[in-house]
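Line by line, the protein sequences are chains S and Y.
For the first sequence, position 294 (counting from the first letter as 1) is numbered 294 according to my numbering, and the numbering increases by one without interruption.
For the second sequence, position 293 (counting from the first letter as 1) is numbered 293 according to my numbering, and the numbering increases by one without interruption.
No lab work stands behind these hints: they were computed from the structure.
Among the clues, some could well be false.
Which copy is meant is left open, because identical chains are indistinguishable; a pair holds if it fits in one copy or across any two.
Taking lysine-lysine pairs in the BS3-like style, the calculated list, with each CA pair at most 27 Å apart, reads [unchecked claim]:
hint, residue 1, residue 2
1, K372, K335
2, K379, K367
3, K276, K347
4, K150, K372
5, K249, K31
6, K216, K367
7, K238, K347
8, K31, K251
9, K216, K249
10, K379, K243
11, K367, K251
12, K121, K379
13, K335, K238
14, K251, K121
15, K335, K216
16, K276, K243
17, K367, K150
18, K121, K238
19, K335, K367
20, K335, K347
21, K31, K379
22, K372, K238
There are 2 protein chains.
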Amino acid sequence: MDNFQNSVGLVEVQSLTFAEPPDTLALASGKSLGPITIAYETYGTLNRDRSNAILMTHAFSGDAHAAAYHNESDKHPGWWDSMIGPGKAFDTDQYFVICTNVLGGCAGSTGPSSINPETGKPYALDFPMVTIVDMVECQRHVVDHLGIDKLLCVTGGSMGGMQTLQWVASYPDRIHAAIPIATALKHSPQQIALDEVGRQAVMADAEWDRGNYYGKGLPRKGLALARMIGHITYMSDKSMEDKFSRNLKDKDLSFSFIEDFEVEGYLRYRGDSFVKRFDANSYLYITKAMDYFDLSGDLLFPHGGTVDIRFLVIAFGSDWLYPAYQSREIVHLLKTRGVEATYCEIKSTYGHDAFLLEIEEETHLIKHFLDKTVQLVQKGK
Amino acid sequence: MDNFQNSVGLVEVQSLTFAEPPDTLALASGKSLGPITIAYETYGTLNRDRSNAILMTHAFSGDAHAAAYHNESDKHPGWWDSMIGPGKAFDTDQYFVICTNVLGGCAGSTGPSSINPETGKPYALDFPMVTIVDMVECQRHVVDHLGIDKLLCVTGGSMGGMQTLQWVASYPDRIHAAIPIATALKHSPQQIALDEVGRQAVMADAEWDRGNYYGKGLPRKGLALARMIGHITYMSDKSMEDKFSRNLKDKDLSFSFIEDFEVEGYLRYRGDSFVKRFDANSYLYITKAMDYFDLSGDLLFPHGGTVDIRFLVIAFGSDWLYPAYQSREIVHLLKTRGVEATYCEIKSTYGHDAFLLEIEEETHLIKHFLDKTVQLVQKGK
């Protein structure tokens, strides 16, 4: 397999548990949570002065498995393997790459499907609301645990870009550079609306049972439906035309409610696959975290009027879920505060998915940006 | 009330029943249906030579009540009252305007909620699949019934635009002019995908009960959800920002799953209102009819290489559900066949809803176009 040859190889998920009694983590909501386990993976080697660490932050339905393979028979590598590995954009011969599963998630980190130590049962809706601030707080614990004072860079696309921006707001002195990709300073009402229909789809499913489906049913239909809506927003009108056009699944129209068009079959397949790997309550909590996210204006700079961080901001022309104007707003805000920011809008027909697919362009931009960052850091910028 | 003063006044829904035994209507699917009732309204007066009739065709969730009021205490006039009435774009002092509820609908015309004469119960999913061709065939029966040989104009927005184009394909000799608005020659995969998630939302609701909910439950949650998705597509990113921004319903974030943002409350309200007036099975049938619609290329001209019809094609800049490029495709096709077509793309921030809201611009364009059409018809064009 081509990727496997050119990959980090095999990797194991690790985890860190903190906020153990009598400790807890104070959440942005005012509530507290503990103990907390955060799953993470690392690729490459941390250098002696611990100066080559890059933190990847994942998108809504991602996980800590950003690159490499979990075992020899693994068919698919991590979600950004095309970008992380020897010689790749995030070159593991040079950098130490970390990726954590977000708080509230369902791939090894504490979330609503985790056991509530007070009851011995899954938290379900007793899980406190978490925010992007809290997610970053947990990542900071992992970074501390790894003995890293200052990250060379934080990066991520979509919700990963929000976490990247949150690092800027929460710990501006602990990162040299930031690469927010296909993201926004805050969710627009359209983005909130799209999240809300996803949540309503889950909650409308009788099997959801107010979140108490664990060990019983599963809100399969609702969660699949939410994901179908999601997939439409991840693609573009053009990429759907290129991939499906009006191609029929069978020779003729059925004149019934079975799936006639390939695009219908694709959405149903994507919805059904998602249900197998993602927790419905995590869907609710994480979308809400995105909707609450707002670092517009002064909110990006709670520690002062500016930050000493280099930025590379990337957007994609056909992305209508996180339109390029939202990335330009980030750049505009940074420029008004005298922050060094490079903006690149990549022409692409892939829509929001482009950040996972436009590898060649992204690699070119990011490699150059990281090289320059290393030079400046070494010069004691 | 301002509109009432400037309105047609009071109007009654009429209906026509045809395809009564032993007759039936042959449908595009190969099946047949009968008897069929079509609800319709008319505004203005048909002139002596029956040459001043304009047919309005409604969008997905519309009905025959395009203008005026049903009674003195009616708070809201018909769905396009701002365009139909004395002195308005479709001037009822001059024209005789007809609007029918589509076949498959739920506002007086035969649809899946109608009684199946063979069983004495609602058709539910025994209702045959209907297409835009069949809808137009029913309208033709109404036009015949009114004794009109040739319509001055057929017009409609969105799905109404599809019916307008279908008139061109089905009865090119029976219309002088056509005004398709915010529509397409065929549904794109994105449009099919959006319809499909709406259908899946309805069908995922246990109350839907394979369509047999009449007299029992109602797939309220599923249908409301489908409508919420719809409303996002009817607005634009910009119009949502203008209307809602990130305004909260209450003073603070709730840190719970109740509605925090105004936009969430709006969508839930719209979803709930829709359930009160629209039949869930009609939702399924009519969206399928739109998805099946395809008059691209030669399909628009089944009777020959061209048509003798004047066109005014209108699109809106921020409409992402029926993007302007789809209207330009209509114009391009017409021009290649030597058909007289005027194209106007109206700048608007309202998204797809613009065709119901950009009254001043539309009035200006349409009044002029109709005047010119009348002149040409009188000259024996």
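Within, between, both or neither: K276, K243 at alpha-carbon 27 Å: Within. Shortest intra-copy distance 24 Å satisfies the 27 Å Cα cut-off; inter-copy 38 Å does not.
What label fits K335 with K367 when the C-alpha limit is 27 Å: within, between, both, or neither? within (23 Å within a copy, 49 Å between copies)
Alpha-carbon proximity context of K379 and K243, limit 27 Å: neither (48 Å within a copy, 50 Å between copies)
Up to 27 Å CA-CA - K238 versus K121, copy category: Neither, since 46 Å and 44 Å both go past 27 Å.
Please sort K379 with K367 into within, between, both or neither, judging by C-alpha distance up to 27 Å. within (18 Å within a copy, 71 Å between copies)
One pair to classify: K238 and K347, alpha carbons no more than 27 Å apart. Within, between, both, or neither? This pair counts as both: shortest intra-copy Cα distance 13 Å, inter-copy 22 Å.
Alpha-carbon proximity context of K367 and K150, limit 27 Å: Answer is within; shortest intra-copy Cα gap is 19 Å, inter-copy 67 Å.
Under a CA distance limit of 27 Å, which applies to K335 and K216: within one copy, between copies, both, or neither? Neither: 52 Å inside a copy, 61 Å across copies.
Indicate which option fits the pair K367, K251 if close means a Cα-Cα distance not exceeding 27 Å: within, between, both or neither. neither (48 Å within a copy, 45 Å between copies)
Is it within, between, both, or neither for K216 and K367, if the alpha carbons may be no more than 27 Å apart? Intra 48 Å, inter 63 Å, cutoff 27 Å: neither.
At most 27 Å between C-alpha atoms: does K372 with K238 qualify within a copy, between copies, both, or neither? Answer is neither: 35 Å inside a copy and 37 Å across each miss the 27 Å cutoff.
Alpha-carbon proximity context of K249 and K31, limit 27 Å: between (51 Å within a copy, 22 Å between copies)
Consistency with the previously given hints fails for numbers 3, 6, 9, 10, 11, 12, 14, 15, 18, 21, 22, ordered from lowest to highest.
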